[in-house]
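Required output: the full structure, derived from the provided sequences and hints.
So the sequences go chain by chain: A and B.
First residue of the first sequence? That's 1 in the numbering used here, and the numbers climb one at a time after it.
First residue of the second sequence? That's 1 in the numbering used here, and the numbers climb one at a time after it.
Rather than coming from a laboratory, the hints here were simulated on the basis of the structure.
Each statement offered as a hint is correct.
DSS-like cross-link-like pairs, simulated, lysine-lysine; straight-line CA separation at most 30 Å: (1) Lys353/A to Lys379/A; (2) Lys379/A to Lys4/B; (3) Lys200/B to Lys332/A; (4) Lys332/A to Lys425/A; (5) Lys367/A to Lys379/A; (6) Lys200/B to Lys379/A; (7) Lys386/A to Lys367/A; (8) Lys386/A to Lys332/A; (9) Lys367/A to Lys332/A; (10) Lys353/A to Lys367/A; (11) Lys212/A to Lys425/A; (12) Lys212/A to Lys332/A; (13) Lys480/A to Lys425/A; (14) Lys117/B to Lys332/A; (15) Lys307/A to Lys244/A; (16) Lys182/A to Lys212/A; (17) Lys200/B to Lys386/A; (18) Lys200/B to Lys367/A; (19) Lys386/A to Lys353/A; (20) Lys480/A to Lys212/A; (21) Lys244/A to Lys379/A; (22) Lys332/A to Lys353/A; (23) Lys307/A to Lys200/B; (24) Lys425/A to Lys200/B; (25) Lys4/B to Lys386/A; (26) Lys200/B to Lys264/A; (27) Lys425/A to Lys367/A; (28) Lys200/B to Lys353/A; (29) Lys332/A to Lys264/A; (30) Lys425/A to Lys244/A; (31) Lys332/A to Lys379/A; (32) Lys307/A to Lys264/A; (33) Lys425/A to Lys379/A.
Below, each chain spelled out in residue letters.
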Amino acid sequence: MRGIRKSFPGVLALDNVNFALYPGEVHILLGENGAGKSTLVKILSGAYQKDGGEILIHGQAVEINNPRVAQELGISIIYQEFNLIPHLSAAENIFLGNEPEIFSGIVDRSQMSREAGRLLRELGVQFDPRTRVRSLGIAQQQMVEVAKALSVDARILIMDEPTSALTESEIRALFSTIQQLKEKGVAVIYISHRLEELFEVGDRVTVLRDAKYIATHSIRETSTAELIRLMANRDLKEHFPREKGELGEEVLRVEGLNRAPLLKDISFSLRQGEIVGIAGLLGAGRTELARAIFGADPIDSGRVLVKGQPVRINSPVSAIRQGIGFLTEDRKGQGLILVLPVKDNIALPNTDKLSRLGVIDSAAKEKLAQRFIHDLSIKTPGVEQKVMYLSGGNQQKVVLSKWLAREADILIFDEPTRGIDVGAKVEIYQLMNQLTARGAGIIMISSELPEILGMSDRILVMHRGRISGEFSAEEATEEKVLGAALGQRV
Amino acid sequence: MDLKNMLILYARQFGTLIGLFFLCSVLSILTPYFLTVSNLLNVTQQTAINAIIAVGMTFVIISAGIDLSVGSILAFAGVVLASALQAGWSIPIAILIGLATGGLCGTVNGLLITFGKLPPFISTLGMMSVARGAALVYTQGRPISGFGPQFRTLATGEFLFIPLPVIIMIVIYVLSHFVLTRTKFGLYTYAIGGNEEATKLSGVNVLFHKTMVYAFSGLASGLGAVILTARLNSAQPIAGIMYELDAIAATVIGGSSLMGGEGTLQGTLIGALIMGVLRNGLNLLGVSSFLQQIVIGSVIIIAVLVDAALKKQGT
Numbered sequence: 001m002r003g004i005r006k007s008f009p010g011v012l013a014l015d016n017v018n019f020a021l022y023p024g025e026v027h028i029l030l031g032e033n034g035a036g037k038s039t040l041v042k043i044l045s046g047a048y049q050k051d052g053g054e055i056l057i058h059g060q061a062v063e064i065n066n067p068r069v070a071q072e073l074g075i076s077i078i079y080q081e082f083n084l085i086p087h088l089s090a091a092e093n094i095f096l097g098n099e100p101e102i103f104s105g106i107v108d109r110s111q112m113s114r115e116a117g118r119l120l121r122e123l124g125v126q127f128d129p130r131t132r133v134r135s136l137g138i139a140q141q142q143m144v145e146v147a148k149a150l151s152v153d154a155r156i157l158i159m160d161e162p163t164s165a166l167t168e169s170e171i172r173a174l175f176s177t178i179q180q181l182k183e184k185g186v187a188v189i190y191i192s193h194r195l196e197e198l199f200e201v202g203d204r205v206t207v208l209r210d211a212k213y214i215a216t217h218s219i220r221e222t223s224t225a226e227l228i229r230l231m232a233n234r235d236l237k238e239h240f241p242r243e244k245g246e247l248g249e250e251v252l253r254v255e256g257l258n259r260a261p262l263l264k265d266i267s268f269s270l271r272q273g274e275i276v277g278i279a280g281l282l283g284a285g286r287t288e289l290a291r292a293i294f295g296a297d298p299i300d301s302g303r304v305l306v307k308g309q310p311v312r313i314n315s316p317v318s319a320i321r322q323g324i325g326f327l328t329e330d331r332k333g334q335g336l337i338l339v340l341p342v343k344d345n346i347a348l349p350n351t352d353k354l355s356r357l358g359v360i361d362s363a364a365k366e367k368l369a370q371r372f373i374h375d376l377s378i379k380t381p382g383v384e385q386k387v388m389y390l391s392g393g394n395q396q397k398v399v400l401s402k403w404l405a406r407e408a409d410i411l412i413f414d415e416p417t418r419g420i421d422v423g424a425k426v427e428i429y430q431l432m433n434q435l436t437a438r439g440a441g442i443i444m445i446s447s448e449l450p451e452i453l454g455m456s457d458r459i460l461v462m463h464r465g466r467i468s469g470e471f472s473a474e475e476a477t478e479e480k481v482l483g484a485a486l487g488q489r490v
Numbered sequence: 001m002d003l004k005n006m007l008i009l010y011a012r013q014f015g016t017l018i019g020l021f022f023l024c025s026v027l028s029i030l031t032p033y034f035l036t037v038s039n040l041l042n043v044t045q046q047t048a049i050n051a052i053i054a055v056g057m058t059f060v061i062i063s064a065g066i067d068l069s070v071g072s073i074l075a076f077a078g079v080v081l082a083s084a085l086q087a088g089w090s091i092p093i094a095i096l097i098g099l100a101t102g103g104l105c106g107t108v109n110g111l112l113i114t115f116g117k118l119p120p121f122i123s124t125l126g127m128m129s130v131a132r133g134a135a136l137v138y139t140q141g142r143p144i145s146g147f148g149p150q151f152r153t154l155a156t157g158e159f160l161f162i163p164l165p166v167i168i169m170i171v172i173y174v175l176s177h178f179v180l181t182r183t184k185f186g187l188y189t190y191a192i193g194g195n196e197e198a199t200k201l202s203g204v205n206v207l208f209h210k211t212m213v214y215a216f217s218g219l220a221s222g223l224g225a226v227i228l229t230a231r232l233n234s235a236q237p238i239a240g241i242m243y244e245l246d247a248i249a250a251t252v253i254g255g256s257s258l259m260g261g262e263g264t265l266q267g268t269l270i271g272a273l274i275m276g277v278l279r280n281g282l283n284l285l286g287v288s289s290f291l292q293q294i295v296i297g298s299v300i301i302i303a304v305l306v307d308a309a310l311k312k313q314g315t
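Right under this line is the structure:
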């Protein structure tokens, strides 16, 4: 792949990226969240269209316009979230869209089972190919995915975080499968965050950062420290206007929070006027932690104290009563009701203040929305505009208004600036400053390291459901935070 | 905004109203009897019951649900009401019993959907059969007939020459419109239909409000039962068959989105009138009842197709 470019509205996802793959090698693709790894492999597998650059296979330029073309070229991809149909058998999944036929339209079931059995045996797994996928374990399901890829004679196999859900022994089995594939001349692109694995399974590694190609090294000639440096090193060009103030009383304390298997023994505290940043990789349990504190998901054990008092938070209703506000990571899916106007979205958590005997005071509702449109300079034609027509930054301001109107003093921001352009980002940061100056405490979950480093007073790092590191703003560096996020001992 | 977009916007806002006028003009040309006062009163009177049931359906559909059991609940509430009257209960008490029966069936729907986590389609489909069966078992399949003239006044009475069922319908629409647009309950109904998860995370007790939406739909069916029983002077266990079709059609023709979060009661009322005028017109024209089903089904499909096309254009 040469000079690959791809942009999405508002972001450049890949900027002139080069990538070369040889038969029989395992090539690791490494980079932070959002570095462009997934976009690159999605272009190769036909899920996205590139905007520029070229793809050559055995020296021939090819246009991969859709997944079908990729399949014909022998490119298969196994996503982190499997694409299997739970109600169908392993054999049916393996041959879906590609069934052996007795004659046109009539599936040859016995041949299908036989072939599926052969493929699975070659992968060294033992189960009946007629088993329904939903009754298989995760590792077995993954083998079904691998078999599916091999059934179409894949020459290039892309694996996205293949070990994230596997146990240690299952990982062993997967690695020996990958070894077999290599011997057959299959080229594997392997995406993973687990550095220790890479040295075991990989031959070469390519690092991407901020949508750019950084370097390719042979695994034998590199080290963990060098890889972390390559992933993290960047110029801090974005502006983080954090204004530190006096820290006040403790507003929130979490003690020994557990929620199997996602959260393990989480304890931390938050003070008035403080921004605590929570860093970590996708799936480290950050959003789960936020949802647990907010009462959106049940917890197994542990307790939460608000302003020194132990409280029972078992639903968002009780969290809101304790003055907690939650700006969800998935703005459109969980934060807003897109088909409703700005004023109704802002009113939703505030109806108790806007209504008497269940009747909403329309004028007050409109005034409330007007006030926040003005205070937060939300760009909208008016309070009646449906939020689906607003830009990402303005949508985020509407979500923020919901909680500001409630005068919430414990705010959880989950990826507050995702998908927002730079100008609006700075506005959101300034709002965070104003909030802490007024005495609110903010928990900010972010996958953008510069944001974490630039805006937090204190940084917690999560790795596989645990807090794996804690740093003050002064001592934190990209290397330290990334190292903790990757599970290195601090 | 150019002319084309203006026309599209206009068509989206007033499309159903234009459709209703168009339908009325065509019918008044085809049959001179259509535009007589007595026929128009007749149409509104016939529309009233469906229009009232469609109020409940509108709340349900705005909340991104569906209620298939309205017709069966109407039949069950009707026979319970009738037997209460015949047992000698006073008229207001008997009416309350009928309404409560409808509300109770609706509450069961709601609980199955919220706490039982059933899809609305399934729970109300089940209720459609259970309530119908209950009406048949309760009456052993026979209608309960003959009530005092006082009770029948509900259907036959007039106020300022307007039939009482029409007045009841108007009152219900005004009240429900207020509830839908001005109260927490209304806002939550839109919000739940627009995005249930976001609504929950905004601190709204989604389970309770969703249950209430279905209870309200059951209540509307109960009110439909009161009027129908008074009009026929009889409660039939087989009353209200296919009423869910008319109520859903009125709601959807009126612009509510089956995806939830969108819809108005003005729209639903016009939708109900379109259904009523269509049935009335086809009767006047002597179209066989078999053929009528084809025409009505087609009108529903075309109305929704046009609405979808306009929505696609107008964004």
